[in-house]
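Asker: Below are the chains, spelled out letter by letter.
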Amino acid sequence: MNGTDLATGAAIDRVDLWIVIIGLGLGSFALRFAFLGLIGKRQMPEWLLRHLRYTPVAVLPALVAPLVVWPGATGGEMDPPRLTAALVTLALGVIFRRTLLAIVCGLGTLYLMLWLMG
Amino acid sequence: MTAYAETPSPASARATFLRGMRDGAPFLLVVGPFAMLFGVVASEAGLKVYEALVYSIAVIAGASQFASLQLLRDGAPVAVALVSALAVNLRMAMYSASLTPHIGGAPLWQRALAAYFLVDQSYACSVMAFEKHRDWSVSQKVGYFFGVIIPICPFWYVFTVIGAMVGSTIPPELALDFALPITFIAMVAPMLRSVAHLAACGVAIALALVFAGLPYNLGLLIAALAGMMTGAAIEKRSQTEAST
Chain A
1 MNGTDLATGA AIDRVDLWIV IIGLGLGSFA LRFAFLGLIG KRQMPEWLLR
51 HLRYTPVAVL PALVAPLVVW PGATGGEMDP PRLTAALVTL ALGVIFRRTL
101 LAIVCGLGTL YLMLWLMG
Chain B
1 MTAYAETPSP ASARATFLRG MRDGAPFLLV VGPFAMLFGV VASEAGLKVY
51 EALVYSIAVI AGASQFASLQ LLRDGAPVAV ALVSALAVNL RMAMYSASLT
101 PHIGGAPLWQ RALAAYFLVD QSYACSVMAF EKHRDWSVSQ KVGYFFGVII
151 PICPFWYVFT VIGAMVGSTI PPELALDFAL PITFIAMVAP MLRSVAHLAA
201 CGVAIALALV FAGLPYNLGL LIAALAGMMT GAAIEKRSQT EAST
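Protein chains in written order, with full-length UniProt numbering: chain A, 1 to 118; chain B, 1 to 244.
To be clear, the hints were calculated from the coordinates, so they are not data collected in a lab.
Treat each hint with caution, since some may be false.
Listed next, the stretches of chain B that the computed footprint assigns to chain A, with coverage defined by at least 3 CB atoms under 8 Å from CB atoms of chain A [claimed, not checked]: (1) 12 to 19; (2) 96 to 104; (3) 111 to 123; (4) 152 to 158; (5) 185 to 192; (6) 196 to 203; (7) 224 to 231.
Over 10 Å on every C-beta distance to chain A, these chain B residues come out as not near it, computed from the model [what the hints assert, rightly or not]: (8) D135; (9) S137; (10) V161; (11) Y216.
Note that beta-carbon positions come from the ideal geometry of N, C-alpha and C, so glycine has one too.
Sequences are here, hints too, so could you generate the full structure?
Answerer: Set out below in C-alpha cells:
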C-alpha cells in the first residue's frame, strides 16, 4: 500500500495506461462479482460455508498485520506508538465489543504516544 | 454515535441504510488521505486529473491502483502491470463468496452494483453487521451495504481529484496512515468470539507476517486461506465432539 516512491522516468504510454485502467477495472469487477453474481441464492455446500464463516477474521487481520508491525510511514521500522495503538484497539474491541469506542481510543492512544515520544 | 452495538434491530431497509451510513462514517479518515495520495502520485506520474479520476472510478481499489501505476511508471510490460494488480485484488473474490450467503438472494442488478462497490471497508463493515444481525432480511442487508458505501466510495473519487489538483497530501504528522489498521482491528475484534475465530485470526496473522515478503500479495492469500481452514477445522471438530 505504498506508492509514494515512484521513480522519475519516461512518460507513461497512453495506450498502456488505458489498457491497464480498463482491464484492471473489468478484472476487479469480475473478481468481486464471481460469487455474488454466479452463485446468487443457490445454496453453497456446508464445508464451503463453514470456511466462509472465518473469512473476515482471517483476511482482515492478515491484511493489517504487516502494516502494524512494519508501518510504511516509518519506512518499515517497527514503531512503538503504532504497535501500542493497535494493541489497545484490539483489547478494547475484544473486551467491550464496541467498534467506535475502539477506534476512538486507538487513535487517541496513537496521538498520545506520538506526542509523548516527541 | 452509538452505532455498531446495543441499538435494537431497525425494521426497514431504509433504517438499515441510514445505520450503514453512520457505521461507515469512520472510514472517511482512511479513504480521504489514501485517495488523495493516489491523486498526488498519479499527477506526479504525468496523469491528467480526469485520467486519475477514471482510474479511481474504474478500479476503486487503492492498493492495486498504486501497484499498477508504479509498474507502468517503472516501464514494466502492460501484462505484468495488469496481472500483478489483479493478484492484489484476488481477496475481493473471497469477500464476494463471504457475502453471498447474506445478500445472494437480492436481484441481479443489486448484486452487480454491490459487487462494484465491494471494497475492504464496505466488506468489513457489512460482514460484521450481518453476523451480528442474523435476523435481518436480504433487503435490510442490501440496504445496510449501500448505506456503508455512501461515506466511502464517493469520497474515493472526490479525494482522488483533490489530490491530483492540489498536488499535496495530508501532513504525515497526522499519522492518518494508521487509520486503516485501527479501523479494521476495531471491526474484527468484536467478531473474535470463539476459540475457532481466535485460532483463525492467530494463524492468519502469523502467516501474514512470515510470508510478508512474497510478491503479488500471495502472503495475504496464503495466510487468509490457512486461517479459514483453521477456523473451519476447529468448528467441525467441536461439533463432532458435541454430538458424540
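Asker: The structure should be examined with respect to each hint, and the outcome stated for every one.
Answerer: Okay, the hints, checked on the actual structure:
Counting residues of the region 12 to 19 of chain B whose CB falls under 8 Å from any CB of chain A gives 0; the rule of at least 3 is not met. Against chain A, the region 96 to 104 of chain B contributes 8 residues with a C-beta closer than 8 Å to a partner C-beta. That satisfies the three-residue criterion, and the hint holds. Closer than 8 Å: that is the beta-carbon criterion, and the region 111 to 123 of chain B has 8 residues meeting it against chain A, so the requirement of 3 holds. Against chain A, the region 152 to 158 of chain B contributes 0 residues with a C-beta closer than 8 Å to a partner C-beta. That does not satisfy the three-residue criterion, and the hint is violated.
Under a criterion of three residues with beta carbons nearer than 8 Å to beta carbons of chain A, the stated coverage of the region 185 to 192 of chain B is upheld, 8 such residues being counted. Restraint check on the region 196 to 203 of chain B versus chain A: 5 residues with Cβ-Cβ distances below 8 Å, three needed, restraint holds. With 8 residues having a beta carbon nearer than 8 Å to a beta carbon of chain A, the region 224 to 231 of chain B meets the requirement of three or more and the stated coverage holds. Residue placement check: D135 (chain B) keeps its beta carbon more than 10 Å from all beta carbons of chain A (closest about 17 Å).
Once the 10 Å rule is applied to beta carbons, S137 (chain B) is consistent with being away from chain A; the minimum gap is 13 Å. Distance check for V161 (chain B) against chain A: the nearest CB is about 15 Å away, which clears 10 Å, and the non-interface claim stands. A cut-off of 10 Å between C-beta atoms confirms that Y216 (chain B) is not in contact with chain A; the least separation is 14 Å.
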